[in-house]
Amino acid sequence: MATHNIKHALFSAIITLIISAPILGLDLESAGTELKLTGASTSTLVSIVLAAIVVFLFQTFRDSIMGALGQMPKLNRFADREPMPQEKRLKLENIFLIVLVAGALLWPFIASRGSVDLATLVLIYVMLALGLNVVVGLAGLLDLGYVAFYAVGAYTFALLSQYFGVSFWVALPTGALIAALFGFLLGFPVLRLRGDYLAIVTLGFGEIIRILLNNWTSLTGGPNGIGGIPDPTLFGMEFGRRVKEEGNISFHDFFGIAYDSTHKIIFLYLIALVLALVTFLIIRRLMKMPVGRSWEALREDEIAARSLGLSRTGVKLSAFTIGAFFAGFAGTVFASKQGFISPESFVFLESAIILAIVVLGGMGSQFGVILAAVAVTVLPELAREFSEYRMLIFGAAMVLMMVWRPQGLMPMRRIHIILKKQE
Amino acid sequence: MQDLLYFIQQLINGLTIGSAYALIAIGYTMVYGIIGMINFAHGEVYMIGAYTALITITGLATLGVAWLPLVLLIALICAVIVASSMGWAVERIAYRPVRGRHRLIPLISAIGMSIFLQNYVHLAQGSRNMGFPLLIEGGFRFGAEDSFQTSISYMQITIFITTLICMTALSLFIARSRTGRACRAVSQDLGMSNLLGIDTNKIIAATFVIGAALAAVAGLLLGMYYGSIDPLFGFIAGLKAFTAAVLGGIGSIPGAMLGGLILGVSESMTSGYLSGEYKDVVSFGLLILILLFKPTGLLGKPEVEKI
Amino acid sequence: MNTSVKKLVAGIGASIALMGAGSAFAEIKIGIAGPMTGPVAQYGDMQFSGARMAIEQINSNGGVMGESLVAVELDDVCDPKQAVTVANRMVNDGVRFVIGHLCSSSTQPASDIYEDEGILMITPASTSPDITERGYELIFRTIGLDSMQGPVAGEYLASLNPERVAVIHDKQQYGEGIATAVRDTLLENDVEVPMFEGITAGSKDFSSLVTKLRDAGVDYVYYGGYHPELGLILRQARQANLDAVFMGPEGVGNKDINTIAGEAAEGLLVTLPPAFDEKAENQELVKAFEDKDEDPSGPFVLTSYTAVQLVAEGIEQAGSTDPFEVAEALRSNTYSTPIGTVEYDERGDMKSFEFVVYEWHSDGSKTPVN
Numbered sequence: 055m056a057t058h059n060i061k062h063a064l065f066s067a068i069i070t071l072i073i074s075a076p077i078l079g080l081d082l083e084s085a086g087t088e089l090k091l092t093g094a095s096t097s098t099l100v101s102i103v104l105a106a107i108v109v110f111l112f113q114t115f116r117d118s119i120m121g122a123l124g125q126m127p128k129l130n131r132f133a134d135r136e137p138m139p140q141e142k143r144l145k146l147e148n149i150f151l152i153v154l155v156a157g158a159l160l161w162p163f164i165a166s167r168g169s170v171d172l173a174t175l176v177l178i179y180v181m182l183a184l185g186l187n188v189v190v191g192l193a194g195l196l197d198l199g200y201v202a203f204y205a206v207g208a209y210t211f212a213l214l215s216q217y218f219g220v221s222f223w224v225a226l227p228t229g230a231l232i233a234a235l236f237g238f239l240l241g242f243p244v245l246r247l248r249g250d251y252l253a254i255v256t257l258g259f260g261e262i263i264r265i266l267l268n269n270w271t272s273l274t275g276g277p278n279g280i281g282g283i284p285d286p287t288l289f290g291m292e293f294g295r296r297v298k299e300e301g302n303i304s305f306h307d308f309f310g311i312a313y314d315s316t317h318k319i320i321f322l323y324l325i326a327l328v329l330a331l332v333t334f335l336i337i338r339r340l341m342k343m344p345v346g347r348s349w350e351a352l353r354e355d356e357i358a359a360r361s362l363g364l365s366r367t368g369v370k371l372s373a374f375t376i377g378a379f380f381a382g383f384a385g386t387v388f389a390s391k392q393g394f395i396s397p398e399s400f401v402f403l404e405s406a407i408i409l410a411i412v413v414l415g416g417m418g419s420q421f422g423v424i425l426a427a428v429a430v431t432v433l434p435e436l437a438r439e440f441s442e443y444r445m446l447i448f449g450a451a452m453v454l455m456m457v458w459r460p461q462g463l464m465p466m467r468r469i470h471i472i473l474k475k476q477e
Numbered sequence: 118m119q120d121l122l123y124f125i126q127q128l129i130n131g132l133t134i135g136s137a138y139a140l141i142a143i144g145y146t147m148v149y150g151i152i153g154m155i156n157f158a159h160g161e162v163y164m165i166g167a168y169t170a171l172i173t174i175t176g177l178a179t180l181g182v183a184w185l186p187l188v189l190l191i192a193l194i195c196a197v198i199v200a201s202s203m204g205w206a207v208e209r210i211a212y213r214p215v216r217g218r219h220r221l222i223p224l225i226s227a228i229g230m231s232i233f234l235q236n237y238v239h240l241a242q243g244s245r246n247m248g249f250p251l252l253i254e255g256g257f258r259f260g261a262e263d264s265f266q267t268s269i270s271y272m273q274i275t276i277f278i279t280t281l282i283c284m285t286a287l288s289l290f291i292a293r294s295r296t297g298r299a300c301r302a303v304s305q306d307l308g309m310s311n312l313l314g315i316d317t318n319k320i321i322a323a324t325f326v327i328g329a330a331l332a333a334v335a336g337l338l339l340g341m342y343y344g345s346i347d348p349l350f351g352f353i354a355g356l357k358a359f360t361a362a363v364l365g366g367i368g369s370i371p372g373a374m375l376g377g378l379i380l381g382v383s384e385s386m387t388s389g390y391l392s393g394e395y396k397d398v399v400s401f402g403l404l405i406l407i408l409l410f411k412p413t414g415l416l417g418k419p420e421v422e423k424i
Numbered sequence: 004m005n006t007s008v009k010k011l012v013a014g015i016g017a018s019i020a021l022m023g024a025g026s027a028f029a030e031i032k033i034g035i036a037g038p039m040t041g042p043v044a045q046y047g048d049m050q051f052s053g054a055r056m057a058i059e060q061i062n063s064n065g066g067v068m069g070e071s072l073v074a075v076e077l078d079d080v081c082d083p084k085q086a087v088t089v090a091n092r093m094v095n096d097g098v099r100f101v102i103g104h105l106c107s108s109s110t111q112p113a114s115d116i117y118e119d120e121g122i123l124m125i126t127p128a129s130t131s132p133d134i135t136e137r138g139y140e141l142i143f144r145t146i147g148l149d150s151m152q153g154p155v156a157g158e159y160l161a162s163l164n165p166e167r168v169a170v171i172h173d174k175q176q177y178g179e180g181i182a183t184a185v186r187d188t189l190l191e192n193d194v195e196v197p198m199f200e201g202i203t204a205g206s207k208d209f210s211s212l213v214t215k216l217r218d219a220g221v222d223y224v225y226y227g228g229y230h231p232e233l234g235l236i237l238r239q240a241r242q243a244n245l246d247a248v249f250m251g252p253e254g255v256g257n258k259d260i261n262t263i264a265g266e267a268a269e270g271l272l273v274t275l276p277p278a279f280d281e282k283a284e285n286q287e288l289v290k291a292f293e294d295k296d297e298d299p300s301g302p303f304v305l306t307s308y309t310a311v312q313l314v315a316e317g318i319e320q321a322g323s324t325d326p327f328e329v330a331e332a333l334r335s336n337t338y339s340t341p342i343g344t345v346e347y348d349e350r351g352d353m354k355s356f357e358f359v360v361y362e363w364h365s366d367g368s369k370t371p372v373n
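Protein chains in written order, with our numbering: chain E, 55 to 477; chain F, 118 to 424; chain Z, 4 to 373.
In case anyone wonders, no lab produced these hints; they're calculated from the structure.
Under the rule of at most 30 Å between Cα atoms (straight-line distance), these lysine-lysine pairs were calculated in the DSBU-like manner:
#1 E/K318 with Z/K32
#2 E/K145 with E/K342
#3 Z/K369 with E/K90
#4 F/K319 with E/K61
#5 F/K319 with F/K418
#6 E/K90 with Z/K290
#7 E/K90 with Z/K295
#8 Z/K369 with Z/K290
#9 Z/K354 with Z/K32
#10 Z/K354 with Z/K369
#11 Z/K32 with Z/K295
#12 Z/K282 with Z/K295
#13 Z/K32 with Z/K290
#14 Z/K290 with Z/K354
In silico contact screen, one side only, chain F against chain E (beta carbon under 7 Å); selected entries:
#15 T169
#16 I172
#17 G176
#18 V199
#19 A206
#20 I222
#21 I228
#22 M230
#23 F233
#24 M247
Ideal placement from N, C-alpha and C gives every residue a C-beta, glycine not left out.
The whole structure should be built from the sequences, with the hints applied where relevant.
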């Protein structure tokens, strides 16, 4: 074993001690009017020391451990498999999709109220992630302010219903179109920026929208948000206990059944399901159309794509606008589900989570993105006992996934031909 | 006369905050200059620096150490050591393994690290606002006794002087020292420097450590200046400092300084003459405008499109 | 069938039986929703400690209608968005009585859900009048309103003959609501209010605001909001030699303001509910808190205690756990509680509630003025 290994291991162990001992080992507490420093519990101190020892041992035997890991069988045995022929794959995909939708349709009738509610949230994230997938995964435009369009959709519905009494079904297309308009207007000047600069400008834009919502108190209610957003109606039937709008009747009265708040939850879930499916199918269609191909062409090689006569601005703008459109869609459903929205729902972290879903799923891959949306939303709920550690684990998982499986859960597969090796 | 004094006061307020932003911005700009990635966890390193300083100051008070320069010096040293170790560890764990991959990968990894560190401190120290003891009090005043007076507190002077010292030291270090020269070489061409025998891994780690150390200094200064810290306050400051770095031209150290000052002054002028609510809108709006018309920032070098 | 499978089946059977048995001893779930984390978690501590104590004492005295109370505690971080999530979770958990929320901006959207889902809610801390103004059946509170507190503060400030008073708020429902009430009272009393401005909650740099205050030449500043921001404003104002007296509502009256503002907190004026823990008839209860090493002196400890007590007595009187019947009982009866006699009007507000002006000191103590 090389001495430099030990030296490095010792160094790493000391760094571990330095970064954990003061923050974890000492507690700041307010005692009366002053701050007081107390030592953490013995178990914390022991675990700090243990952590340092583990780091030391790992770094000392790093080479052999990594070597042993390398010899383990590959986790994904299908990774090197040849892609299926296109027809067979399409067929398989369709079957998978039908099974998925059938399962999702059955879900609300077997699951509890809480899980249906959660499933609605998952579907909202599916819509968002599919939309962002167009921008980031397909067109390769780094958008860190995607949540702004989500906010525009949600606030459009909230404001329209508050000031003009507009219903969900009118607000749904309106919200999506206004979000798309925002996308278009923002996209126009900024899309000539490249890579990271685009990311920064979109980040700035997202923050500006949030700050405006937070401060324009007279219109948006500021940090207090907007409440009383109506639920969707079914042919004029309302799902609340009492009818809010004149002329409507309530669902349970119409069918002569007892009021049950789960009706509303299930109805919302089904709407979200249909909308997510529509989003999925539209984007899948677009991917196979010339515009979808040109998104990918531009992502792969901008100069080559331009030299073939693609309009850079036009192609990028279409991706940006379409992505914003679906964010607006999702925003309207979200506003209706919550019945209340405030700027806190549209912080940068939300953009980061949606982006993480896209990257985690495998950029460009629709099924992967759906899988990741389910994982990112459901896993933290399952670990409710660890709710304190939820975001800590989420952050660590983001880092680990990027280190170990950067291509995502289900990487996008291009249809391609493998040329035979020369003898 | 009173209007002028009022203007000068807002200018001083802005320059104070601006120079602290500049200190944090160095971290962003150096890392971006060398490996072209946005170190999203930098704001959290700054926050950890502030927490370490507060822990040290409280600990020293318990031990009965009361001589102010000694307290500040020890707090500064501890904050710098912990934050630079954090900077080193973050680079090692989250960035080095993903270096050179698709540019979204390090970005997500950095955002993940930022979320992780925020919650790490949140869990360890709680989410409440911790009051920073008032160590440096008093200041100078100008103007007539019975009308508006411009005041500069000793704390503001401390911030100016410390920033000035740090910036001068950094410039000298980059210009004169061996490591500094290597830093410049690596930021020009990483592959070539590697070929010429520069240990690029070490240089990249050094950039993270230097950035983190300066952020820790800013953490101590701003913690004392504002008066309280919480686990979330690194994120906002990081975003501002990052804006400053881009404003001045990301990758350029004088640019970060300039960007920080412009940002600080524009913020305080907005709150002084319009309303404090919209100061962030003005800073981000300014950022977008500058990027649209001069995408490389005020002092950045134009990027050549490589084919 | 081998033995291990048999064991497994037996185990599952037993646990199903146990689950059945569990529901036979029906418990009454009491939801407690408030901030456990976040900048104003101090107030959440008060709320939780008061409510827990009440649940404990009621259970040790035989529960309610022979059934024991079980607390379901959830954290809303005082954020409206999380409050909605918490409210939905209460619904999903089958909770029918909620003590909470704390911040008005959280209570407002959460109460929409509670009313819709038939859950009775008593807030021990939210003072915004809007909450009970919507004609809801199931929403109550054990604290006064900003429309009572604001005039108390405004009248007191006016009685000091100020030259100019600045009114600042944090734009949240609570802060802005009370600041507006104070400003209106000041204007009615012909006091000049040159500044009425909002700040962003959570920001740290108030040097520009302080400069503005100095420029406006105010001698009094009223702040509607919570202590983390006011603490910083006080401190930065002192650093910049702003010579004005500050005043705030009960959201700032907390010892943590001293750790932030230090000496600058001396002389701060605060409107608070009267110190219930100093009343003679509450001394036994105060001792119970002190035995558990808890502080009963915070403004919301005993209001939370009372809220739980009201739910319990309401259930007893209604003879049912149906929230609508309990609400009916609460409206039609009078209760004697640690915060005095509670009598509700149609909206769910207490018919009388008093606020007192205190002077805050740099050691965290307070003395009533006049």
